[in-house]
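Colleague: Take a look at the letters that make up each chain.
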Amino acid sequence: MELTLWTYEGPPHVGAMRVASSMKDIHYVLHAPQGDTYADLLFTMIERRGQRPPVTYTTFQARDLGGDTAELVKKNISEAVERFKPKTLLVGESCTAELIQDQPGALAKGMGINIPIVNLELPAYSKKENWGASETFYQLIRTLLKDKVNAIEKINPQRWKSLGRRPKVNILGPTLLGFRCRDDVIEIQRILSEQGIDTNVVAPLGSGPDDIKRLTDADMNVCLYKEIAETSCEWLKRNCGMEYTTTIPIGIENTINFINEVHEKLDLSLTNKEELAHKSKLPWYSKSVDSNYLTGKRVFIFGDGTHAIAAAQIAKDELGFEVVGLGTYSREMARQVRAAAKDLNLEALITNSYLEVEDAMKKASPELVLGTQMERHSAKRLGIPCSVISTPMHVQDVPARYSPQMGWEGANVIFDDWVHPLMMGLEEHLIDMFKHDFEFVDGHQSHLGHTATRSLEHKETEQKENNINSNKKTGVIWTESGRAELTKVPFFVRGKVKSNTEKYALSKGLPEISDETLYDAKAFFG
Amino acid sequence: MSKVELNKEAGPREVFCGLTSIVWLHRRMPDAFFLVVGSRTCAHLIQSAAGVMIFAEPRFGTAILEEKDLAGLADAHEELDRVVDDLISRRPEIKTLFLVGSCPSEVIKLDLSTVAEKLNKRFLGQVRFVNYSGSGIETTFTQGEDGALKALIPLMESSDDEKLLLVGTLANNVEDRFKKIFNNIGIINVESFPPRQSTELPKIGKNTKVLLTQPYLSDTVRDLKHRGCEIIHAPFPLGVEGSTKWFLAAADAFKINELKVHEVIAPLANRARQAIEKHTEILRGKKLFLLPESQLEISLARFLHNECEMDLIEVGTPYLNKDLMEEELNLLPENTKIVEGQHVEKQLDRVRSSNPDLVVCGMGLANPLEAEGINTKWSIEMVFSPIHGIDQAADLAGLFSKPLKRNQILTSKTLLAPH
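Protein sequence lines correspond, in order, to chains X and Y. Be aware that the first sequence starts at 0, since it is given in numbering that gives the first Met the number 0, and climbs by one per residue. Be aware that the second sequence starts at 0, since it is given in numbering that gives the first Met the number 0, and climbs by one per residue.
Hints in this document: simulated from the structure, not taken from any laboratory. Heads up, the beta-carbon is just placed ideally off N, CA and C, and yes, glycines get one too. Any given hint might turn out to be false.
[To be verified] Here are the simulated lysine to aspartate or glutamate pairs, EDC-like style, with alpha carbons at most 16 Å apart: (1) Y:K208 - Y:E276; (2) Y:K244 - Y:D390; (3) X:K379 - Y:E56; (4) X:K286 - X:E252; (5) X:K84 - Y:E344; (6) X:K74 - Y:E344; (7) X:K74 - Y:E8; (8) X:K507 - X:E479; (9) Y:K345 - X:E81; (10) X:K236 - X:E152; (11) X:K126 - Y:E65; (12) Y:K404 - Y:D394; (13) Y:K67 - X:E1; (14) X:K126 - Y:E66; (15) Y:K345 - X:E78.
[As the list claims (entries may be wrong)] On the chain Y side, residues computed to face chain X include the following (Cβ under 8 Å): (16) E8; (17) P11; (18) C16; (19) G60; (20) L64; (21) E65; (22) E78; (23) L86; (24) E137.
[As the list claims (entries may be wrong)] Just the calculated beta-carbon pair ranges, DEER-fashion: (25) Y:D110 - X:D216: 56 to 64 Å; (26) X:V394 - Y:R26: 56 to 64 Å; (27) Y:E66 - X:P510: 53 to 61 Å; (28) X:D146 - Y:K321: 40 to 48 Å.
Just chain X, with the same shape it has in the complex (with noise of 0.2 Å):
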């Protein structure tokens, strides 16, 4: 039994909506009480989709428990195959319906629909949603394709040449309430298509059962988002021989990379190399003197496998943060994410709480924080700034404007998004720094994002300067000349500058700090 007062991920089988909603002809019967509709309203308000999610749910109720639960399930299946006509079907259950065992997929099966029937099934007492996701596109697939890819040759990801057309390539993973899926897709298919590489299908988002049953007309895969598509394009490669990609096109360095990476497993050659490195305005802003303040700026970074990665090596690499702190809540990315952490000198955070992820940013004490919406949250409480770069999904993360993470333009988001904030943190400062001149008319906000921070920030600050005579924990005293300079700390490194004066003081067996002890630390730490 696990304590949980908000989750980063639903249960599996919100996993297989997002599947099927993605998708088109396909309609998902689903053995679960009333309320689990709730997860409707993820894809109708935070999505804002303007259908219904083609999900029929059972609702059994406590009386039917005693009675014939396997009946309501086939009526609900045979008026879902019925009204909505999908060309293939998914069954299965939700927690509840997983204890009664009806096993619904196999009453499916046995009555006599001809349409192909994917039985899901999607242990909800160990497995998560982005699992139930990937799980559920996998099944889809290997039910649509397994007899097809036992008749067809093994596919060489060469043999575009041979066959006289342009090579041409699938994009897998992209779904509904998936971080920015919609407009990665359009980036990547661009920048395939500016490569004379055409796009065979792209799934599940927009595609249907048909087009899965063409997926190898293609020459290889794209792998998008490793947490949804990594088994698919597995299963595709071992059965058929499909390649796949491995880079994740998040940055300028892995854009670059993924294109290096299609080219030579579909033996293309690259004749824009040269190009590639100006199509985003991300180096030069970054490279202009403007950047010199976002030099060594401590990052602290958590969200899912795929995005948290992608984040570390663009802010080490391409913006020259320093990496701070790094984590996942996608167990099945751990190990890649604890190598990401270990060539940054850190150790992973590998958790589901955020009050652990909470706790280790106010350790890290970074200056930005790069998180899901709840490390804004966090973040907001601690009077950090933060750029949101990850699922669970907001109706913030769903902007009107063509906002993708991918690619070129996603280069130039990911620089404008994560910058901004930081320049607003900047201007904080600045108020600070002038709060006593006379111009300054107090309760000034240099703009709306801390409106609702500031007053709490202030009362955090003033906490901490009430606090500055002594601490209680290592009872070293503060001088008046160290307090003195100590407030002249700007205040979002005032907490860091403290403890690590602290601990200098009592290393040194000092049981006062003054003035000098205080540069003395600054001098020791560096």
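Guided by the hints, dock chain Y onto chain X, whose structure is given.
Modeller: Showing chain Y alone in chain X's frame:
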């Protein structure tokens, strides 16, 4: 009884379960914590409905059952003890802890009342434990509050003092307003259940006269009756008409002359009617379809027809307690079509074919209906907004006129825009 047309329907539903009530219950009692014993689905449901991220640490959470908890119930009880210990050490300010049953905990027959009993002994004098079920296999949306209140009744001490007890969660400002009006009418001793502090439960007994503020409290009413309380029958205090009859019924129970009630209420009612009129201008003659969700549908239909002159196509309700709803049903126009239960697909077919001007529905259905060109109002707003009483009647009407007004504004602008 007026001759309304009562229908029943069964099939797939599109409603929340009783766990959702926690969203307003925890705000009403800031010293209580609601611990759902359930699955990741339960946790996800509550956080999706409640916008949990705005809290540093919410006063509700889920003890998520894992595979090993399903294997043996004895272990599950031990695990729950551990989670509760952890929680109480984190949140020492908690005075009452509600253990809330869910679909999975009900199906595996996790006995939360035994767990609560043991915990009560262990934390005697520190935290009180009560349990109820908010499961979707037994409860709909607002019914969760019924379970929570019913669970508190055994903790209420007995007293034979004469008092008026308002039962059902109200917004604090509305509650204050009601108390003032009752005082003006001459009913001085007025208390509320649930109270603002979980530890300050009202005392009850044979001189307690219960006046319901919400229509979804069947079980609570039954148990209050068992404790000797007198139940005042009245329509619910939505709109001028409902609120007036509600005050009158209370006054009658306290043997206060109705002239006194009218004297107090008349100026408020006149003011409210004027304020409602500007919404009625928009709502008059418009066709209304209410899908079942909050259990307030019948009272809302009565208000929107009788005071805002809307035409009722169909009034859905998750379930119908004819005893509690009798006064409301009597106020509805003849032949009003009431449908208890739901087959969401068939009901949506009827929505489309009846061409309504406004549909009251849940959030899962609102945008899809808007995309089909049908105006909607989310029902969940009714349980989060202060809508009770005469002073709020115009605001209540405003919740329904706004989508129509908005649609007019947006449509005319679109037509003016160059292509």
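Colleague: It remains to establish, for every hint, whether it holds in the given structure.
Modeller: Going down the list of hints, with the structure as the test:
Pair hint Y:K208 plus Y:E276 does not hold up; C-alpha atoms about 34 Å apart against a cutoff of 16 Å. For the given pair, Y:K244 sits about 15 Å from Y:D390 by alpha-carbon distance, which is consistent with the 16 Å threshold. Distance check on the hinted pair: X:K379 and Y:E56 sit about 14 Å apart at the alpha-carbon level, within 16 Å; holds. A hinted pair counts as satisfied when its Cα atoms are at most 16 Å apart, and X:K286 with X:E252 qualifies at roughly 15 Å.
Between X:K84 and Y:E344, the direct Cα distance comes to roughly 14 Å. Compliance with the 16 Å bound is thereby established for this hinted pair. Between the alpha carbons of X:K74 and Y:E344 the distance comes to roughly 14 Å, so the proposed pair stays at or under 16 Å and holds. For the hint pairing X:K74 with Y:E8, the CA-to-CA distance comes to about 15 Å; that is within 16 Å, so the pair holds. The hinted pair formed by X:K507 and X:E479 fails the criterion: a straight-line CA distance of about 20 Å is larger than 16 Å.
The hinted pair formed by Y:K345 and X:E81 meets the criterion: a straight-line CA distance of about 13 Å does not exceed 16 Å. A threshold of 16 Å between alpha carbons decides the hint, and for X:K236 with X:E152 the separation of about 12 Å falls inside it, so the pair holds. In summary, the hint linking X:K126 to Y:E65 is supported, as the alpha carbons are separated by about 10 Å, within the 16 Å threshold. Straight-line distance between C-alpha atoms of Y:K404 and Y:D394 comes to about 14 Å, which keeps the hinted pair within the 16 Å bound.
Distance restraint check for Y:K67 and X:E1: the Cα-Cα separation of roughly 11 Å lies within the 16 Å cut-off, and the hinted pair is therefore satisfied. Only pairs whose Cα atoms come within 16 Å are accepted, and X:K126 paired with Y:E66 is accepted, the gap being roughly 10 Å. Between Y:K345 and X:E78 the alpha-carbon distance is near 11 Å, which keeps this suggested pair within the 16 Å criterion. Hint status for Y:E8 relative to chain X: violated, with the closest Cβ pair at about 12 Å, above 8 Å.
Given hint, Y:P11 at the interface with chain X, holds; its Cβ is 5 Å from that chain's nearest Cβ, closer than 8 Å. At about 3 Å, the closest approach between the beta carbon of Y:C16 and any beta carbon in chain X falls short of 8 Å, and the interface hint on this residue holds. This hint holds: Y:G60 has a C-beta 4 Å from the nearest C-beta of chain X, less than the 8 Å allowed. Hint status for Y:L64 relative to chain X: holds, with the closest Cβ pair at about 6 Å, below 8 Å.
With its C-beta approaching chain X no nearer than about 5 Å, Y:E65 sits inside the 8 Å limit, and its interface hint holds. Annotation: interface hint on Y:E78 holds; nearest CB of chain X at approximately 4 Å, less than 8 Å. For the restraint placing Y:L86 at the interface with chain X, the shortest Cβ-Cβ distance is roughly 6 Å, inside the 8 Å limit, so the hint holds. The interface hint given for Y:E137 is met, as the beta carbon of that residue sits about 5 Å from the closest beta carbon of chain X, less than 8 Å.
Here the CB-CB span from Y:D110 to X:D216 is close to 57 Å, well matched to the stated 56 to 64 Å. For X:V394 paired with Y:R26, a C-beta distance near 22 Å fails the hint of 56 to 64 Å. The hinted range of 53 to 61 Å is satisfied by Y:E66 and X:P510, whose Cβ atoms lie roughly 55 Å apart. About 57 Å separates the C-beta atoms of X:D146 and Y:K321, a value inconsistent with the hinted range of 40 to 48 Å.
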